[in-house]
Amino acid sequence: MLRLLLLVPTTTYRTEDFVQAAARLDVDLAVASERPNVFGERLPDNLLTLDFNDPEKAACEVAALARLNPFSAVVPVDDRTTVVGAAIANALGLPSNPVAAVSTTRNKHQMRLALGKAGVPSPPYFLFTLADDPARAARTVPYPCVLKPTILAASRGVIRADSEGEFVAAFRRIEAILKTADVVALGSGSDEILVEGFIPGNEVALEGLLVKGALRVLALFDKPDPLDGPFFEETIYVTPSRLPGETQTAVADLTAWAARALGLREGPLHAELRVNEAGPWVIEIAARSIGGLCSRTLRFGTGLTLEELILRHALGIEIESLERERRPAGVMMIPIPRGGILEEVRGQEAAKAVPGIEEITITIHQGQEVVPLPEGSRYLGFIFARRETPEEVEAVLREAHGRLEFVITPKSG
Amino acid sequence: MAELKERVQALIENSINPAVAGHGGYIELIDVKDNTVYIQMSGGCQGCGAADVTLKAGIERMIKEEIPEVTEILDVTDHASGSNPYYSPSKG
Numbered sequence: 215m216l217r218l219l220l221l222v223p224t225t226t227y228r229t230e231d232f233v234q235a236a237a238r239l240d241v242d243l244a245v246a247s248e249r250p251n252v253f254g255e256r257l258p259d260n261l262l263t264l265d266f267n268d269p270e271k272a273a274c275e276v277a278a279l280a281r282l283n284p285f286s287a288v289v290p291v292d293d294r295t296t297v298v299g300a301a302i303a304n305a306l307g308l309p310s311n312p313v314a315a316v317s318t319t320r321n322k323h324q325m326r327l328a329l330g331k332a333g334v335p336s337p338p339y340f341l342f343t344l345a346d347d348p349a350r351a352a353r354t355v356p357y358p359c360v361l362k363p364t365i366l367a368a369s370r371g372v373i374r375a376d377s378e379g380e381f382v383a384a385f386r387r388i389e390a391i392l393k394t395a396d397v398v399a400l401g402s403g404s405d406e407i408l409v410e411g412f413i414p415g416n417e418v419a420l421e422g423l424l425v426k427g428a429l430r431v432l433a434l435f436d437k438p439d440p441l442d443g444p445f446f447e448e449t450i451y452v453t454p455s456r457l458p459g460e461t462q463t464a465v466a467d468l469t470a471w472a473a474r475a476l477g478l479r480e481g482p483l484h485a486e487l488r489v490n491e492a493g494p495w496v497i498e499i500a501a502r503s504i505g506g507l508c509s510r511t512l513r514f515g516t517g518l519t520l521e522e523l524i525l526r527h528a529l530g531i532e533i534e535s536l537e538r539e540r541r542p543a544g545v546m547m548i549p550i551p552r553g554g555i556l557e558e559v560r561g562q563e564a565a566k567a568v569p570g571i572e573e574i575t576i577t578i579h580q581g582q583e584v585v586p587l588p589e590g591s592r593y594l595g596f597i598f599a600r601r602e603t604p605e606e607v608e609a610v611l612r613e614a615h616g617r618l619e620f621v622i623t624p625k626s627g
Numbered sequence: 003m004a005e006l007k008e009r010v011q012a013l014i015e016n017s018i019n020p021a022v023a024g025h026g027g028y029i030e031l032i033d034v035k036d037n038t039v040y041i042q043m044s045g046g047c048q049g050c051g052a053a054d055v056t057l058k059a060g061i062e063r064m065i066k067e068e069i070p071e072v073t074e075i076l077d078v079t080d081h082a083s084g085s086n087p088y089y090s091p092s093k094g
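Just so you know, the sequences run in chain order A and B. Using the numbering used here, you'd call the opening residue of the first sequence number 215 and step up by one each time. Using the numbering used here, you'd call the opening residue of the second sequence number 3 and step up by one each time.
Just chain A, same shape as in the assembly:
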């Protein structure tokens, strides 16, 4: 029986989809997290605890375990485990990206350096640290610009500034985020702020699979809501893209170029690009699949999920088809209307009744705090739809969202 090691942070959104995919493949499943599972002592071969922030140590520990009970594949499920995943796979001699390549994708400044060196179209960029004087820094950058932490994901801490005053305010706001305990714990890069020239245009997301260095495009998502700032809260993703075919080809070609420039060769890839009259621009590339629960929009061949496809690729199991189903699909990452305590989400049945809506999942529990961007690090929930055209998908997502009412009360204290 094939033996699979999933690297699953205890706080990832990706657990259910990857674990369910593994169950459907009938493999011997082992799961490693950064904290002990309650059954870890009873089942030490299948429930591991690894320090994800120490890839070398984690790789040594897994290699020792693998000598007795070898792994067929190691799969990191999200951003936080891509580097340790590459380190373990390399230690075990399994197909993987080079550790250095994955590490580069985990730091936005390092990624900009690598892409710039290869000539990949990129915005101008400047690196500052929290030790820098923001007022002085504000005088050295072009406007409009975008300030972002180098090591956070999913638009957390990303703020546009159109003037020196806005720059200083954004810098201070990001500084507060970088000083929170969960960010400080990330270590290297947690005191860095990258400033990029703002690239106007439509944003798209490319989901791909690298196979021996060749990029296979799995899906291209349009993001129909403008992402012009001051914060960059992602909402609707719809696939297939409505961009002209030649533009889609240019997006795919640029993504492949960027992946080569970074040294990525194997496994899932998620890229964010902007498209304007000058062509496509790479905003970010990650050596992982799409985040949150968004992968549920995707089905391949005769119904394979994205996670099954990723696991099959890693395990060397035949994949019948990498073709996404023909039917347009989309997801709305439900915008957070305001901060506070989530008391109730009303109208869910009415929203589910909108034709084409497949699922609504609220991921913040009743009584938990909701925090908007740029500080927030959690999704409020997701709405999924399938329809006959991308336009209809977008329309029914908006209609369903309009039927939801969020009861959020101010946080006491």
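Everything labelled a hint here was simulated from the structure, so no lab data went into it. Fair warning: there could be bad hints in the mix.
Stretches of chain A that chain B covers, calculated by requiring three or more beta carbons in the stretch to come under 8 angstroms of a beta carbon on chain B [said to hold, decoys possible]:
1) 228 to 237
2) 247 to 257
3) 584 to 596
Bear in mind the structure is a predicted one, so any value in this text is a computation, not a measurement. The beta carbon of each residue, even a glycine, is placed where N, CA and C say it ideally should be.
Add chain B to chain A, keeping to what the hints say.
Quick look at chain B alone, frame taken from chain A:
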């Protein structure tokens, strides 16, 4: 089948619940039908970001190892209604 249900119940009571109690969780056996075990998670397990790991790589493996007649374990929990999950997901 009644005997099988009793064995599963005993395993849950003696080995599984004492472990998940460490995270404020509780597993209830709902039924055993045609060698399929139906369970429900509550407390810290309900809505927990690691619930699937605990179920598939922990509970399911323990039950199948101890009681090989069991072919499947199904979770019937309404995880969305969990009010005190031990782990909550974040974007990282």
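Exercise for the section: State the violated hints by number, sorted upward, taking the hints as numbered earlier in the document. Expected result: The structure conflicts with no hint, since it agrees with every one listed earlier.
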